[in-house]
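Novice: Sequence:
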Amino acid sequence: MTDMRGFLSRASAALSQRNIVRFRLGPMKIYLVKGAKNVQTMFKTPASVSADKFLLIVMEGLMAADRNDLAKFAKDKSGRLKTNATDPANTQTGDESASKAQADRYWYRWHRILHDHLVQTQATNLLAASYQKHFSEFLDDNARFPVEQWTAMRLLEFTKKDVAEAAIYSLFGPRILELNPDLLPLLWDFDEVAGCLAWGLPRWMNRKAYRRRSRFHATSARFLDSAWAGFDWSGPDSDADWEPHFGSRMIREVAKFLAEAGFSPGFRAGFVATLVYGQNGNTVPIVTWCIMELVKDPELFRAVRAEVLTAIVMDPETQKRAVDLQALLPLPVLQSVYTEALRMHVSINVTREIMEPIVLEGHRLERGAILQAPSEIIQYDEKIWSAGDSHPASEFWAGRHLKHVKSTDEAGNVVQVPQFDLAGRVNDFIAYGGGVAMCPGRFFAKREIMITITMLVSRFDMEFVGWTTLDGGPSDRPARNDDRWAGGAAVPPDRDMKVRVKKLW
Numbered sequence: 020m021t022d023m024r025g026f027l028s029r030a031s032a033a034l035s036q037r038n039i040v041r042f043r044l045g046p047m048k049i050y051l052v053k054g055a056k057n058v059q060t061m062f063k064t065p066a067s068v069s070a071d072k073f074l075l076i077v078m079e080g081l082m083a084a085d086r087n088d089l090a091k092f093a094k095d096k097s098g099r100l101k102t103n104a105t106d107p108a109n110t111q112t113g114d115e116s117a118s119k120a121q122a123d124r125y126w127y128r129w130h131r132i133l134h135d136h137l138v139q140t141q142a143t144n145l146l147a148a149s150y151q152k153h154f155s156e157f158l159d160d161n162a163r164f165p166v167e168q169w170t171a172m173r174l175l176e177f178t179k180k181d182v183a184e185a186a187i188y189s190l191f192g193p194r195i196l197e198l199n200p201d202l203l204p205l206l207w208d209f210d211e212v213a214g215c216l217a218w219g220l221p222r223w224m225n226r227k228a229y230r231r232r233s234r235f236h237a238t239s240a241r242f243l244d245s246a247w248a249g250f251d252w253s254g255p256d257s258d259a260d261w262e263p264h265f266g267s268r269m270i271r272e273v274a275k276f277l278a279e280a281g282f283s284p285g286f287r288a289g290f291v292a293t294l295v296y297g298q299n300g301n302t303v304p305i306v307t308w309c310i311m312e313l314v315k316d317p318e319l320f321r322a323v324r325a326e327v328l329t330a331i332v333m334d335p336e337t338q339k340r341a342v343d344l345q346a347l348l349p350l351p352v353l354q355s356v357y358t359e360a361l362r363m364h365v366s367i368n369v370t371r372e373i374m375e376p377i378v379l380e381g382h383r384l385e386r387g388a389i390l391q392a393p394s395e396i397i398q399y400d401e402k403i404w405s406a407g408d409s410h411p412a413s414e415f416w417a418g419r420h421l422k423h424v425k426s427t428d429e430a431g432n433v434v435q436v437p438q439f440d441l442a443g444r445v446n447d448f449i450a451y452g453g454g455v456a457m458c459p460g461r462f463f464a465k466r467e468i469m470i471t472i473t474m475l476v477s478r479f480d481m482e483f484v485g486w487t488t489l490d491g492g493p494s495d496r497p498a499r500n501d502d503r504w505a506g507g508a509a510v511p512p513d514r515d516m517k518v519r520v521k522k523l524w
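Take the sequence shown: its letters are residues 20 to 524, numbered as in our numbering.
Be aware that one or more of the hints could be misleading.
Stated by the list, open to error - Taking lysine-lysine and the DSS-like style, the derived pairs with C-alpha atoms no more than 27 Å apart in a straight line are:
| no. | residue 1 | residue 2 |
| --- | --- | --- |
| 1 | K72 | K227 |
| 2 | K48 | K101 |
| 3 | K522 | K339 |
| 4 | K48 | K63 |
| 5 | K517 | K465 |
| 6 | K63 | K465 |
| 7 | K152 | K465 |
| 8 | K94 | K315 |
| 9 | K72 | K48 |
| 10 | K465 | K56 |
| 11 | K275 | K101 |
| 12 | K56 | K422 |
| 13 | K91 | K101 |
| 14 | K522 | K465 |
| 15 | K48 | K96 |
| 16 | K180 | K422 |
| 17 | K315 | K63 |
| 18 | K315 | K517 |
| 19 | K339 | K521 |
| 20 | K315 | K521 |
| 21 | K101 | K72 |
| 22 | K465 | K315 |
| 23 | K72 | K56 |
| 24 | K56 | K402 |
| 25 | K275 | K91 |
| 26 | K465 | K339 |
| 27 | K180 | K465 |
| 28 | K521 | K152 |
| 29 | K63 | K91 |
Said to hold, decoys possible - Computed spacing ranges between beta-carbons, pair by pair:
| no. | residue 1 | residue 2 | range |
| --- | --- | --- | --- |
| 30 | K315 | G491 | 18 to 26 Å |
| 31 | E336 | W524 | 13 to 21 Å |
| 32 | P376 | S253 | 51 to 59 Å |
| 33 | K315 | L198 | 32 to 40 Å |
| 34 | A108 | P204 | 51 to 59 Å |
| 35 | E414 | D334 | 25 to 33 Å |
| 36 | E414 | G254 | 53 to 61 Å |
| 37 | D123 | E414 | 47 to 55 Å |
| 38 | P376 | A32 | 27 to 35 Å |
| 39 | F157 | E336 | 18 to 26 Å |
| 40 | K227 | Q435 | 51 to 59 Å |
Just so you know, these hints were derived from the structure itself, not from any lab. Only a predicted model underlies this, so the values are computations on that prediction, with no experimental measurement involved. Yeah, the Cβ is synthetic: ideal placement off N, Cα and C, and Gly gets one too.
Based on the sequences and whatever the hints tell you, model everything.
Specialist: Structure (structure tokens):
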């Protein structure tokens with residue numbers, strides 16, 4: 020738990036010989052698994068395996084849930100589906116009884132909010148449009164980026180500030196940033212300790228992490244207090260998709276749910292703060308890696324630019340150039356770059372508790388044990404991902420998820436065109452987890468990352484200057500995955516890249 024990089028190295032060696040490895044963490048028996056069939060068993064048998072135990076640990080560690088908060092979720096066995104798992108025949112009739120039963124379904128209510136306001140395409144596209152608007156306005160600033168003039172910047176520094184700020188604005192509105200001018204530094208301080216908090220290290224083992232958690236959570240407490248005081252629940256914005264107090268409808272619904280369910284103020288603030296962290300702690304590293312790879316390879320940069328320019332349209336309302344999401348999302352080279360960055364730079368141990376005995380490869384795994392699928396080990400498996408000696412799985416290759424098919428161009432010539440292709444390896448790509456607990460923000464994250472890449476490569480020329488340390492000093496080597504984030508989801512680079520950029524429009 021305190022040396023995840025060392026643990027993953029030992030686990031990788033063990034899993035190279037077999038698909039199931041057992042170890043103990045104190046009294047807890049844990050099985051590490053790989054292999055497409057084994058991983059899918061984790062995701063497709065919700066009656067036999069559950070993510071709830073790990074989520075409760077996350078609620079306590081990351082979100083500061085108290086004993087009563089945790090008890091609400093722990094006692095709720097009704098599941099996440101519309102049908103109550105504890106009352107499938109719907110025997111609880113009568114308005115009062117039915118209303119009480121529904122109110123106590125905390126997993127289901129939270130799942131519905133995510134589905135309706137983050138997963139559904141219409142809701143996700145609204146959030147993406149909001150992000151595009153605010154990020155575009157930032158790039159329009161000619162004082163920061165003069166047209167046709169070269170400007171120097173460091174990529175990771177840029178994404179951690181400006182991409183994150185636009186993303187927070189799109190989901191949470193302006194108030195959280197206005198009330199907390201130190202929000203971004205506190206977010207990235209929290210990001211450094213989130214892994215040990217998520218795995219439940221006690222306070223006495225890591226007091227610094229809990230101090231950072233308290234400071235970061237305080238930003239969301241101020242935000243929620245202001246939003247509740249300023250928002251008119253019976254006013255014209257009561258059904259708005261976005262308004263300045265809570266920001267998006269999703270955050271408003273989350274705040275309403277947490278208050279109505281009687282959760283503690285500390286948990287409410289921690290819940291919202293974790294959404295801020297979850298939104299940015301994963302997208303910012305991935306978009307940074309994508310841009311770094313494009314700048315390193317001018318030919319790839321030009322290929323992605325040519326592709327994304329086909330998705331740039333003139334907005335009839337603003338008369339400004341904008342990204343057409345419907346045209347953007349299927350672009351094959353962009354999808355392959357995005358997928359390859361996720362494959363290489365997401366390190367998460369997808370965790371489930373065995374609720375009923377299951378059988379994997381002839382082995383009976385007992386109830387109460389823990390299953391973990393380490394994405395880093397699975398997604399670096401040479402047998403699955405290697406394209407021969409020229410493109411090992413340990414290296415970034417933008418063509419890894421492409422196939423070329425014959426097509427006829429406008430002149431009638433037969434040409435080879437790229438198509439995005441993850442066929443045959445879908446079950447070995449678990450960057451977002453899987454099953455009912457699969458990352459609900461994956462659709463918005465994909466849109467945010469692709470919009471960011473598109474707006475940068477279409478609007479700017481970029482040239483590599485050199486590698487730097489994270490504080491801006493010179494570095495004698497390029498960026499690698501920062502081992503401090505091993506096992507904690509998206510892994511940022513341990514070096515920054517200095518670039519020259521010139522805005523074209």
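Novice: List, from low to high, the hint numbers that the structure doesn't satisfy.
Specialist: 2, 8, 16, 17 and 35
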